[in-house]
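Participant: Using the hints, position chain B against chain A.
There are 2 protein chains.
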Amino acid sequence: MSNDQWHDVVESREAQRRKKRQAVIETGVRLFNENGFEKTSLDDLAKSLGITKRTIYYYVQCKDEILAEALRQSIQALERIAWTVENDTCSAVDTIEVIIDAYARWIATDLGACLVLTRENMLTDEVRVELRATKQQLDRLIRKAVTEGIEAGEIRETCDPRLTSAAIFGALNWVPYWNRGSTPTPASDISDQFKRSFIQGLRR
Amino acid sequence: MSNDQWHDVVESREAQRRKKRQAVIETGVRLFNENGFEKTSLDDLAKSLGITKRTIYYYVQCKDEILAEALRQSIQALERIAWTVENDTCSAVDTIEVIIDAYARWIATDLGACLVLTRENMLTDEVRVELRATKQQLDRLIRKAVTEGIEAGEIRETCDPRLTSAAIFGALNWVPYWNRGSTPTPASDISDQFKRSFIQGLRR
Numbered sequence: 116m117s118n119d120q121w122h123d124v125v126e127s128r129e130a131q132r133r134k135k136r137q138a139v140i141e142t143g144v145r146l147f148n149e150n151g152f153e154k155t156s157l158d159d160l161a162k163s164l165g166i167t168k169r170t171i172y173y174y175v176q177c178k179d180e181i182l183a184e185a186l187r188q189s190i191q192a193l194e195r196i197a198w199t200v201e202n203d204t205c206s207a208v209d210t211i212e213v214i215i216d217a218y219a220r221w222i223a224t225d226l227g228a229c230l231v232l233t234r235e236n237m238l239t240d241e242v243r244v245e246l247r248a249t250k251q252q253l254d255r256l257i258r259k260a261v262t263e264g265i266e267a268g269e270i271r272e273t274c275d276p277r278l279t280s281a282a283i284f285g286a287l288n289w290v291p292y293w294n295r296g297s298t299p300t301p302a303s304d305i306s307d308q309f310k311r312s313f314i315q316g317l318r319r
Numbered sequence: 116m117s118n119d120q121w122h123d124v125v126e127s128r129e130a131q132r133r134k135k136r137q138a139v140i141e142t143g144v145r146l147f148n149e150n151g152f153e154k155t156s157l158d159d160l161a162k163s164l165g166i167t168k169r170t171i172y173y174y175v176q177c178k179d180e181i182l183a184e185a186l187r188q189s190i191q192a193l194e195r196i197a198w199t200v201e202n203d204t205c206s207a208v209d210t211i212e213v214i215i216d217a218y219a220r221w222i223a224t225d226l227g228a229c230l231v232l233t234r235e236n237m238l239t240d241e242v243r244v245e246l247r248a249t250k251q252q253l254d255r256l257i258r259k260a261v262t263e264g265i266e267a268g269e270i271r272e273t274c275d276p277r278l279t280s281a282a283i284f285g286a287l288n289w290v291p292y293w294n295r296g297s298t299p300t301p302a303s304d305i306s307d308q309f310k311r312s313f314i315q316g317l318r319r
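Residue numbers (the numbering used here), protein chains in the order written: chain A, 116 to 319; chain B, 116 to 319.
These are computed hints drawn from the structure, not numbers from a lab. Fair warning: this is a prediction, and the values are worked out from it, not measured in the lab. Heads up, none of these hints are tricks.
BS3-like cross-link-like pairs, simulated, lysine-lysine; straight-line CA separation at most 30 Å:
id : chain 1 : residue 1 : chain 2 : residue 2
1  : A       : 310       : B       : 259
2  : B       : 178       : B       : 162
3  : B       : 310       : A       : 250
4  : A       : 168       : A       : 134
5  : A       : 250       : B       : 250
6  : A       : 310       : B       : 250
7  : B       : 154       : A       : 250
8  : A       : 310       : B       : 310
9  : B       : 178       : A       : 154
10 : A       : 154       : A       : 250
11 : A       : 168       : A       : 135
12 : A       : 178       : A       : 250
13 : B       : 154       : A       : 154
14 : B       : 310       : B       : 250
15 : A       : 154       : B       : 250
16 : B       : 154       : A       : 178
Extracted from the complex, chain A is given alone in its bound form (with noise of 0.2 Å):
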């Protein structure tokens, strides 16, 4: 057994530290989804994750870092939709196709649903920017997609590029305040319904 391999048997501290960093962030941002993040205080999360209120300091400073990682990692994970439809070479069906679904799968998940539950004044100026540019890219690419679907003779004229990305956005931002409770709807159907149910809308 080599060095390194008797290294990797066991994971570095650093490791372990920032999945258990990461789960502070997680289980925080959950209950202030489900209880609103006034109302939800640090002793709530410890209990929640069965550890002392000390433990949680040694990860965060306060709940305010919670939720300031929790809309950070949110955002990169829309950045990194946006991304990968702009790297992408599909049709304009697909496109819309691939934004729906990747965002469905977002905004069901807590860090996901936390971006339009989280209310506008707790926001920092900062974050308030970053998120809104991320959102603004998102609706310009299915708006794009919807007037070079048309072009394409893939969508039907009627359809207006900015309701059109209105109604999709609504639909996937809604979902966090109906998908609640002990037996959510699995992320992927809904998914699937938004997809067919949009996809067949657009179409010639």
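Facilitator: For chain B alone, coordinates are given in the frame of chain A:
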């Protein structure tokens, strides 16, 4: 000129008072929607109406009364939509069209938008219960129409009634979040586009 006609020349004091009170409610709720309930003062409202704060007190006691009255009127409007649909004998697809059209036109008004822009914790228990019941009623009507439309062969069998309704109301409830500013998209355009897109997405 008869006595009755003489009195009809000008509106009664009571009718004038009702109209002025309604102007206070509608302007108030517009400001709440634009700037948030907490950030809107009765001074802002007086300024916006070009009257004194003292005059406002002749019509309402406080900000809370404005919001409560706006929500009451808005819920009643949704109840009327549900009532109309329940007492009509349209086909499944026509029923869905009627709901999309009426809901789009209502949600695009200031009174309609306050239903989604007012934060949950601003609602009294009574209003919360009533609003939820009315929304559930409309949701049930769409689901029922989808189920019946599938049975009648009008709607594709792959349409899930629950997810179809969620997509429609998501798209509609999202309208107040993007359709702001000085030149909002007319409600009729939103309604036409959403009807076309959702109905084509449903049809066999």
